[in-house]
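Fit chain B to the supplied structure of chain A, relying on the hints for placement.
As given, the protein sequences belong to chains A and B, one line each in that order.
Just so we're aligned, residue 1 is where the first sequence starts under this note's numbering, counting upward by one.
Just so we're aligned, residue 1 is where the second sequence starts under this note's numbering, counting upward by one.
All clues stand as given, with none of them false.
If the Cβ cut is set under 8 Å, some of the chain A residues that face chain B in the computed set are:
| # | residue |
| --- | --- |
| 1 | T67 |
| 2 | M75 |
| 3 | M98 |
| 4 | L99 |
| 5 | V100 |
| 6 | S102 |
| 7 | E112 |
| 8 | I228 |
| 9 | L284 |
Treat the hints as calculated values from the structure; they're not laboratory data.
None of the values given here were measured: they were computed from a predicted structure.
We treat Cβ as the ideally placed atom computed from N, Cα and C, and that holds for glycine.
Now for the letters of each chain:
2 protein chains.
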Amino acid sequence: MTSQRPTPTLQDVASRAGVSTATVSRAINFPDQVASTTRSKVNAAIAALGYSPNFGARAMAARRTNTIGAIIPTMENAIFARGLQAFQEELRSNGFTMLVASTAYQPTTEEEQIRSLVARGADALLLIGYHRDPAIYDFLDAQGVPVLLTWAFDPEAARPSVGFNNSAAMQAMAQKVIEMGHRRLALISAETAQNDRASGRRDGIKRAMTVASLNSDALCFVETKYGIDEGAAAFDEVMAQEPRPTAVFCGNDVLAVGALRRARERGIAVPGEVSIIGFDDIELAQVVYPALTTVHVPHREMGRKAGQALVKLLRDGVALEPIEVQTRPVFRGTLGPV
Amino acid sequence: MTSQRPTPTLQDVASRAGVSTATVSRAINFPDQVASTTRSKVNAAIAALGYSPNFGARAMAARRTNTIGAIIPTMENAIFARGLQAFQEELRSNGFTMLVASTAYQPTTEEEQIRSLVARGADALLLIGYHRDPAIYDFLDAQGVPVLLTWAFDPEAARPSVGFNNSAAMQAMAQKVIEMGHRRLALISAETAQNDRASGRRDGIKRAMTVASLNSDALCFVETKYGIDEGAAAFDEVMAQEPRPTAVFCGNDVLAVGALRRARERGIAVPGEVSIIGFDDIELAQVVYPALTTVHVPHREMGRKAGQALVKLLRDGVALEPIEVQTRPVFRGTLGPV
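Only chain A is shown next, with the shape it has when bound in the complex (with noise of 0.2 Å):
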């Protein structure tokens, strides 16, 4: 952990490029004001240096990281992936890089990840859905650090937002199904105490039971944590019911396909004796056999737009505003008729 040669020192990359400390910071933190000569002056001694700008100072100096902090619940699945992908490279072009962090979808996790990440100068941050403790909202008000949230979208909320109405999206799925002729349903979801997203998604099929007529209370609603073993487990679960649902939603892809993998381990046709229907298009949702009817996600129009409203307002200012993306349903061969 010591150093093996000195640490080179700002007065260090000024003695080697001829010009003040002053300069050199300036040339770090604000290149357009400094004439490029010098500029190329001060890059080619922090590269023969290997001189790494003190980031402490460079922050209090410049109020500027040009770090933006993403957290996200969990980084297997691949749920978070694309969308993450497509912000990262929104920002990336524009001179940002992104950190992530993930919680496991542990409040308390992410809670410690929003002071690590502003502790180290995060200039903002991206977060997943509305639902947190206030607490850390006035904390982050506080410190100065914008927030945008994504995943969700709710025109009522006081935080912008980069995402999409879950409770919509399931809704207009579930519409088509009941359609179908389906009408004893089964739910397998995420948990939905901490969970804005799961719950949403909850509620949209019972309220396109409702809208159909049917009593909303009878939807078999079983949660667990987001794996392909746990959809395995919560399918027996869901399947145990007297009489069988014919239709099984699952809160996203991952557990749909461990709902699918175990009626094909127990020689349960579908879609002939059962619908599944996922969340959130994954690559996931292509490759399994029948490809999955699920709600498609525009991960990557979301990443990016959230990317562009995030640069836009460190770069030039302007202030967040909320932005929805649309879902679809998207039917492919796990759902049929009754």
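Just chain B, lined up with the frame of chain A:
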């Protein structure tokens, strides 16, 4: 971007807790050296004020941020997800935070991210594979930032890694495939130029061919980017060979799943007409049908051991040592006799 309340300072915390600023600093950076009642008072003041330790000053004082950076080639497709999740769990249970950056397989992006994480005070870095510009290693040495490599293992290499021997892993699988009578072999690979894992896997197949007295130059070799669609397109390319290969190795499961999907689309029986073999054993491998024959990588074990090694280094000063984890071929539905 302006604070709505003034940001609380170290002095504010000290005043509120009724202690000196030096005591606050010690409570933050060396909690063991502070009486527990004092620590409680300081922590209560920090929480009440929403104080965020100034990272720069803290790093300079303590030379420790309890943050470890991990830089991976991609967040898509969950290739690195499971190992990273285990790595993070290990770190977190020891009080470290993990921040992740992804490079889209671009060496220049990796270099930027290394500099960025070092500038943000990362205590150590986890990097994938050995192959990178020696100047980067020189930079990290000069900065005194330890680096642990993973996803590869070469007992001859100067840098310690926690990983597996990509070449030997693929050779063991190729030997089994050749023993089943396959002679016309193809490989759909990631680009090997900047990727020592990909080139190692290719070399493993060639070595198995040589050992079996086959001409290793006859390996039908196609490079592509990682992706399901890319795997599908590359499958068309290798199947256009005359005579057709009877076994198609893929550099990872993502490519293999794309090849398998394309075979189904074209009505080519797997494994009846062609066997398809993956690498990694990510979740994707078990949800496709037929389930994928692949090389199992103990991702969770690897991530956990990498985390343990870095914790021991940073907490106890125990030097990093090379650690090899064992892969094994897993035989599922996509491999059959010729």
